[in-house]
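FYI, the numbering for the sequence shown is 1273 to 1526, going by our numbering.
Hints are computed from structural coordinates only; laboratory data are not their basis. Just so it is clear, CB atoms sit at the ideal spot from N, CA and C, and this is done for glycine as well. Just to be clear, a hint being listed does not mean it is correct.
[Said to hold, decoys possible] Computed list of lysine-lysine pairs in DSSO-like fashion (alpha-carbon distance at most 27 Å, straight line):
1) 1518 x 1441
2) 1325 x 1283
3) 1322 x 1311
4) 1357 x 1334
5) 1441 x 1456
6) 1437 x 1497
7) 1497 x 1438
8) 1283 x 1334
9) 1437 x 1484
10) 1518 x 1456
11) 1456 x 1510
12) 1456 x 1497
13) 1322 x 1334
14) 1484 x 1518
15) 1311 x 1334
16) 1510 x 1484
17) 1438 x 1460
18) 1484 x 1357
19) 1518 x 1357
20) 1325 x 1311
21) 1283 x 1311
22) 1438 x 1456
23) 1484 x 1497
24) 1311 x 1357
25) 1510 x 1357
26) 1456 x 1433
27) 1510 x 1460
28) 1460 x 1437
29) 1437 x 1456
30) 1441 x 1460
31) 1460 x 1518
[Unchecked claim] Beta-carbon label-pair distances, calculated as ranges:
32) 1331 x 1437: 42 to 48 Å
33) 1337 x 1455: 43 to 49 Å
34) 1459 x 1497: 21 to 27 Å
35) 1316 x 1422: 38 to 44 Å
36) 1498 x 1357: 30 to 36 Å
37) 1311 x 1404: 40 to 46 Å
38) 1390 x 1329: 42 to 48 Å
39) 1361 x 1335: 32 to 38 Å
40) 1423 x 1311: 19 to 25 Å
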Amino acid sequence: MNKYRATSLDKALSIIELVLDHGRDLSITEISERLAMGKGTVHRILSTLKEHKFFQQDGRTKLYGLGVRTLEIGAAHKREVFLRKAIIPFMQDLYERCGETINLAVWEYNEIRYIHRLESEEMLRISTPAGARFAGYCAATGKIFLSYMSNEDIRQIYGRKNAFKKYTKRTIDSVDALIAEIEKVRVKGVAVDDEEALSGVYCVAAPVLSPKGECAAAISISAPKNRVLPGTGATYAKLVSEAARKITDAISGA
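Model the full structure from these sequences, guided by the hints.
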């Protein structure tokens, strides 16, 4: 057995899996018997899961079922699968037009998380694995999401002490500077990360909108700075904007 395994977590996951497999609410007794777990232990774990909204209890039957947080996670996974399937063909087309790494990102816990990428075949290329996270204030994709938030919300996220970490000498390090940058993004419709998240890396991003007009994802082109010649940045901005508009239209059924 793995000595680093968290026993309580194992038990909590077993309870979640049991309810998922049965497709209905269960009592503490049923869970205890099916998992050979003490009723007291089951009750304590369910209380914690309920507190964090992963489980809920029916006030009449007293049975326990999946809570809103568990359902939200399932919905988020379905949304990501849909986004990847809908967007990959457009990412491939964009890649063929520029030959650089193409990224697809979502906003999560005040960070951006890459959920898919098409990596450049150049010897010198930008490699961002799926699942990688970056601070929202320094990544082009993060700036895109921030541009759809109010300045008040941005200040709430980044107005606290030590909210900014300097990843490079060009990283934005104050909320006022960030808001000034986001105002530019709102006007231009694209965001640029010019060696702000990683030294030697240039990135330009555009928003993918949901049918409701919300920012559902951000798509970007990343390239080594030394390949971004005068005019290249503007070309990439045009290409990624066109791709984002096509994806938005496809998602909206236009």
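Here's how the hints hold up against the structure:
1. 1518 x 1441: violated, 35 Å
2. 1325 x 1283: Given pair residue 1325, residue 1283 holds - Cα atoms ~17 Å apart, limit 27 Å.
3. 1322 x 1311: holds, 16 Å
4. 1357 x 1334: Judged against 27 Å, a Cα distance of about 40 Å means the pair is violated.
5. 1441 x 1456: It holds: about 21 Å lies between the C-alpha atoms, which stays within 27 Å.
6. 1437 x 1497: holds, 21 Å
7. 1497 x 1438: At roughly 19 Å apart (the allowed maximum being 27 Å), residue 1438 and residue 1497 satisfy the hint.
8. 1283 x 1334: holds, 21 Å
9. 1437 x 1484: violated, 33 Å
10. 1518 x 1456: holds, 23 Å
11. 1456 x 1510: Holds: residue 1456 and residue 1510 sit about 16 Å apart, inside 27 Å.
12. 1456 x 1497: The hint holds at about 21 Å.
13. 1322 x 1334: holds, 13 Å
14. 1484 x 1518: holds, 16 Å
15. 1311 x 1334: Holds, at about 14 Å.
16. 1510 x 1484: Measuring from Cα to Cα gives roughly 24 Å; hence the hint holds.
17. 1438 x 1460: Judged against 27 Å, a Cα distance of about 25 Å means the pair holds.
18. 1484 x 1357: Holds, at about 20 Å.
19. 1518 x 1357: holds, 14 Å
20. 1325 x 1311: holds, 20 Å
21. 1283 x 1311: holds, 12 Å
22. 1438 x 1456: This hinted pair holds, its Cα atoms lying about 21 Å apart.
23. 1484 x 1497: violated, 35 Å
24. 1311 x 1357: Distance of about 44 Å is beyond 27 Å: violated.
25. 1510 x 1357: holds, 23 Å
26. 1456 x 1433: holds, 25 Å
27. 1510 x 1460: holds, 11 Å
28. 1460 x 1437: holds, 26 Å
29. 1437 x 1456: The hint holds at about 22 Å.
30. 1441 x 1460: holds, 24 Å
31. 1460 x 1518: holds, 18 Å
32. 1331 x 1437: 42 to 48 Å: holds, 46 Å
33. 1337 x 1455: 43 to 49 Å: holds, 46 Å
34. 1459 x 1497: 21 to 27 Å: Because 24 Å falls inside the window, the suggested range holds.
35. 1316 x 1422: 38 to 44 Å: Since residue 1316 and residue 1422 have Cβ atoms about 41 Å apart, the given range 38 to 44 Å holds.
36. 1498 x 1357: 30 to 36 Å: At roughly 35 Å between Cβ atoms, residue 1357 and residue 1498 fall inside 30 to 36 Å, so the hint holds.
37. 1311 x 1404: 40 to 46 Å: Distance hint for residue 1311, residue 1404 holds at roughly 43 Å.
38. 1390 x 1329: 42 to 48 Å: holds, 46 Å
39. 1361 x 1335: 32 to 38 Å: With a Cβ separation near 45 Å, residue 1361 and residue 1335 fall outside 32 to 38 Å, so the hint is violated.
40. 1423 x 1311: 19 to 25 Å: Given about 52 Å between the Cβ atoms, the range is violated.
In terms of the numbered hints stated before, the structure departs from hints 1, 4, 9, 23, 24, 39, 40, listed from lowest to highest.
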